[in-house]
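There are 6 protein chains.
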Amino acid sequence: MGLTALCPGTFDPATNGHLDIIERAARRFDAVVVGVLDNPAKRPLFTAEERVQILKEATAGLPNVQVAAFSGLLVDAARQVGADVVVKGLRAVTDFEAEIQMAQMNRALAGVETLFMTTSPEWSFLSSSLVKEVARFGGDVSALVPPGVPERLRERLGGGA
Amino acid sequence: MGLTALCPGTFDPATNGHLDIIERAARRFDAVVVGVLDNPAKRPLFTAEERVQILKEATAGLPNVQVAAFSGLLVDAARQVGADVVVKGLRAVTDFEAEIQMAQMNRALAGVETLFMTTSPEWSFLSSSLVKEVARFGGDVSALVPPGVPERLRERLGGGA
Amino acid sequence: MGLTALCPGTFDPATNGHLDIIERAARRFDAVVVGVLDNPAKRPLFTAEERVQILKEATAGLPNVQVAAFSGLLVDAARQVGADVVVKGLRAVTDFEAEIQMAQMNRALAGVETLFMTTSPEWSFLSSSLVKEVARFGGDVSALVPPGVPERLRERLGGGA
Amino acid sequence: MGLTALCPGTFDPATNGHLDIIERAARRFDAVVVGVLDNPAKRPLFTAEERVQILKEATAGLPNVQVAAFSGLLVDAARQVGADVVVKGLRAVTDFEAEIQMAQMNRALAGVETLFMTTSPEWSFLSSSLVKEVARFGGDVSALVPPGVPERLRERLGGGA
Amino acid sequence: MGLTALCPGTFDPATNGHLDIIERAARRFDAVVVGVLDNPAKRPLFTAEERVQILKEATAGLPNVQVAAFSGLLVDAARQVGADVVVKGLRAVTDFEAEIQMAQMNRALAGVETLFMTTSPEWSFLSSSLVKEVARFGGDVSALVPPGVPERLRERLGGGA
Amino acid sequence: MGLTALCPGTFDPATNGHLDIIERAARRFDAVVVGVLDNPAKRPLFTAEERVQILKEATAGLPNVQVAAFSGLLVDAARQVGADVVVKGLRAVTDFEAEIQMAQMNRALAGVETLFMTTSPEWSFLSSSLVKEVARFGGDVSALVPPGVPERLRERLGGGA
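Chains as they are written, first to last, in the numbering used here: chain A, -3 to 157; chain B, -3 to 157; chain C, -3 to 157; chain D, -3 to 157; chain E, -3 to 157; chain F, -3 to 157.
Just so you know, the hints here were simulated from the structure itself, not pulled from any lab data.
Note that the Cβ used here is the ideal one computed from N, Cα and C, for glycine as well.
Keep in mind that a hint or two might mislead.
[To be verified] So these bits of chain A aren't anywhere near chain E, every CB distance computed over 12 Å:
hint	residue
1	ARG23
2	ALA139
3	ARG148
[As the list claims (entries may be wrong)] List of simulated lysine-lysine pairs, DSS-like, C-alpha gap at most 27 Å:
hint	chain 1	residue 1	chain 2	residue 2
4	D	LYS38	F	LYS38
5	A	LYS128	A	LYS38
6	F	LYS52	F	LYS128
7	F	LYS38	F	LYS128
8	B	LYS52	A	LYS38
9	E	LYS128	E	LYS38
10	E	LYS52	E	LYS128
11	C	LYS128	D	LYS52
12	C	LYS38	C	LYS128
13	A	LYS52	A	LYS128
14	A	LYS128	E	LYS52
15	C	LYS38	F	LYS38
16	A	LYS38	E	LYS38
17	A	LYS38	A	LYS52
18	D	LYS52	C	LYS38
19	B	LYS38	B	LYS128
20	C	LYS52	C	LYS128
21	D	LYS128	D	LYS38
22	F	LYS128	C	LYS38
23	E	LYS128	B	LYS38
24	D	LYS38	D	LYS52
25	E	LYS52	E	LYS38
26	D	LYS128	D	LYS52
27	F	LYS38	F	LYS52
28	B	LYS38	E	LYS38
29	C	LYS38	C	LYS52
30	B	LYS52	B	LYS38
31	D	LYS128	F	LYS52
32	A	LYS38	B	LYS38
33	B	LYS128	B	LYS52
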C-alpha cells in the first residue's frame, strides 16, 4: 500500500545521528518526510528555513525523502503530510521516557502511531546541544555533522578553528 | 490515630492524573491536604489562586480533602498543616530519581516521610506541560483534565476550539 | 511496495498487551507474522504448538496476520518469512535496554531493523510471568489475556476459581 | 480510623535496609504486619520459619509490628491480615520498574494500594543476595544485618571468620 | 608514572558530596586538579572566584589537590593542566546518561578518558540546586556543605536562621 | 607512585568490549591485572583456565597487563594483587545500578574503590551472553570477539559455519 513515515525534530542543527535514522527509515518506508519543528519559543540557533536547507542538502541523495517545516502539533503535521507513522530515533533512557509519553499522547489524541528505531551505537553520544557547545568553544565537529554544518556553526557562533 | 497526607505539586493545571492520586489518597488516609506550590519563579500559566480554585472544584465531592497554596519549603508546609506523610504519584523513572532525591532531603532536613503511589496506567503519559502544549495549538484536552480546565486553558492561551 | 513485519516473542502465554501490539502492527503494515520462539531451554509452560494455537485463535479476525513457530536466531526467522522489519512493544526502561542491545546486535549481524511501539498504558504493567504467577494461586486473569487462555492456565496449573 | 500496613518480602535474610523500612512504617501507621513470603520455588537459604524468627527478634522493640509467613498472592495476604495498604522500600530504578508493575497488577486485581518509601541512603546498596554472597566467602556482614543473622549465616554457609 | 586527575564541575556551591569525591580521588591519584567551570551563561549564584575560594578552603588539608577555574571545553582544560584522566561522581541514572554522552564526546574529540566514582550513599540525594533551594527558604544546610558555605548562602540569599 | 588497576569479570568469553576497556585501562594505569572470576556456580561455558588463556592471547601485546583467575570476594582479590583501584566498563543503566551497589558494598567492606569507564559506543550492545546465543545458532561472531574465540565457541557449542 505504500507507507509514509514522518521523522520529526528540531534539528538545530542536524547531526550524523539524525541522518542515520533518516537514511534507515528511507530504506524501509516508501516515503519519508523530515518534519522540522518551527518553534521560536525554543530559541533555536538556526532558523527553520536554515534547518530545512541543511537537511535538504544532506538528504539530496535520497529520492524518497522530503524536508518541510511545520509548526503546531505533531499530530496535525502527520495528518497534513499523509504520514502513516511517525519514526524517531532513541538514544538513551531519558529520551525513551519523554518520547514514550509524547507517543502515548499522540496516539490518544489522534491515533498517530510512533515507531522507534535505535540510534546507531557510534552516534549514541551525539546531540545537537553537545555539537553546539563544542563548536561554541572552537572544537572541531566535522566528524559529527553533515558537510556544510561546521561552516554554518562557525559563522553563527564566531568560534575559532 | 488518624493520618493526614499532604499531596504537593505545582498543578499548572491539575490533570486527571493528579486527581487520580488525590482520590486514591483520600480513600486511604483520614485527611488529605492538596498543597499548591506558589512559586512565581517557575512562571506558571495560572496563578496560585486559580490553581487552588480548579482543585477545589475538582475535589468538591471528596469531604476529607482540602486545598491550600503554600510557598517555601515543603517540610514547612507539612508541619503547618500537621501532615504525617507526604504522598506523591510517580510516573516514570526520571520522575523517580528527582523525587527520591527530594524525599531523602526532606527526611534528612525535617523527618518528613514521603510515600509514593504509582500513577494509574491510563494517565502515565500525562503531564501538565503536555496538556498546555496540546492546548496551545488548539488540541482537545477535555479527556485529560477535570471539567472547567479546558475553558480556562482556551481563555488563557487564546487557542482554537 | 508492501511491508511485512515480524512480531517475535515467547508468548507463554499471549496477553492482551501482546495482542494490542499485534493489532496495531496489523493496521500499519501490509502483513504481520507473529513469530513464536520455540526455545525449550526457557522451559515454557505451554508448548510452542499451544502458544501458536492461542495466538491463531486470538488473531483470527485479522486477515493480514499469520502465526508461526521459529527456533534459532531472530535474524534467520526474519529472512525466512521475508520480513522487512521486526516490530516489538516496549513497556519499561529495563525492557528498553535489553531490547536495544538485541536490536543493535540484529542490525550488526544481518541488517535487520527493529521498530519499537510503546505498549498501551493500560497493559504497561502486564507480563506473561505475572499472569502465570497470578493464575498459579487461583487469581482471575480473564481481563488480562485473550479468551481461551484462562481455561488453559487452569488446566495446566491446576489452580482454583 | 487506624491504618494497617503490610510490609511483604522474602527477607532471606532480613537486612538493616529492611529493618529501616519496617521501623519507619511503624512510626507512621497504626499497625504493621511484616509478611514473609513462603515460596519454596525460590529456594531460599533460610526456611520461612527461620526468616520469621529473625524478624521477630529484630522487631521485638516495636510493639505495633507483627511478623507472619504467607504463601500465595500478596492481595490475598493483604485481605487476610486486614491491611489497608502495602508498604515497600525502593532502592533503585530497576526495583522501581518491577515494583510498579506488581503494584499496578495488585491494584487491578484486588484494589490493593501500594505505597513506596525510599530506602535510606546508607542502605541503598544493600540486598539479601549481596549479604549472602559476602558471607559465603567469609566476609564480615555484621554491620549490614540485624544481630543474630551473622551467626545463622555462618552456620548455614559454613564460611570462615 | 604519576597520574593527575581533573575533577570538573560548576560547584555552585560545593557540597559534601563533591568533597567526598575529591577526597577519594586525592587518595588514589598523585595529583588532583579541581576545575571550576566558569560559565556565566548558567547564571551561577556565586562567581567563579567565590566558588574557587570555597573549594580552596574545603581542600586546604589535602596537599595534592589544587583548585582552578576554567572556561571553554573540558578537553582543553584537561590538556592545559596535564590531566591524564577526568574523574567524576555519579549519583543517579539520569546523571549517568548525561555524563556518559559527555564522556563519549570528550573521548571522541580529544582522547580524554573519564573515570566515574559512585557518590557515597549518604550524599546520593544531594545536589547544589537542592542546597540552594533549601537555603533560599531559610532551611539549615550546615550538615550538607563544607564550613563557610552556609554563611555565604545566607549573605547571598538573605534567608533566615 | 604507580597505580595498579584490577579489571574483574567472568569473561565467558572475552569480547571486543572487554578488550576495549582493558586496553584503555592499560594506557592510563601503570599495571592492569585482569581478574577472571572462577565461579563454577554460574556454570560458565569455558573453564576459568580457558578464559584466562583467551585473555592472555588477546592481551599479549600489552606489556603492563597480567591475567589471573580468582575466586571468592573481589575485595580479597584486589588485596592479593595489590590493586589500588578496580576498573570496570559500563554499558547500560541496568549495568550501572547493579555495579553501583557492588561498588558501594566493596567500599563499605574493605575500602576498595571502583572506577567506571564508559564502554565504547561500538561495543555498547555487546555481551558475552549475546555472543554465546548467536554462536549457538551458527551466527558469525568473528567481528565481536578476539581472534581464537570463534573457533573455541564452535568446538564447544558444535554450531555450524
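Practice task
Check each numbered hint from earlier against the structure, then list the numbers of those it violates in ascending order.
Solution key: 2, 8, 11, 14, 18, 31
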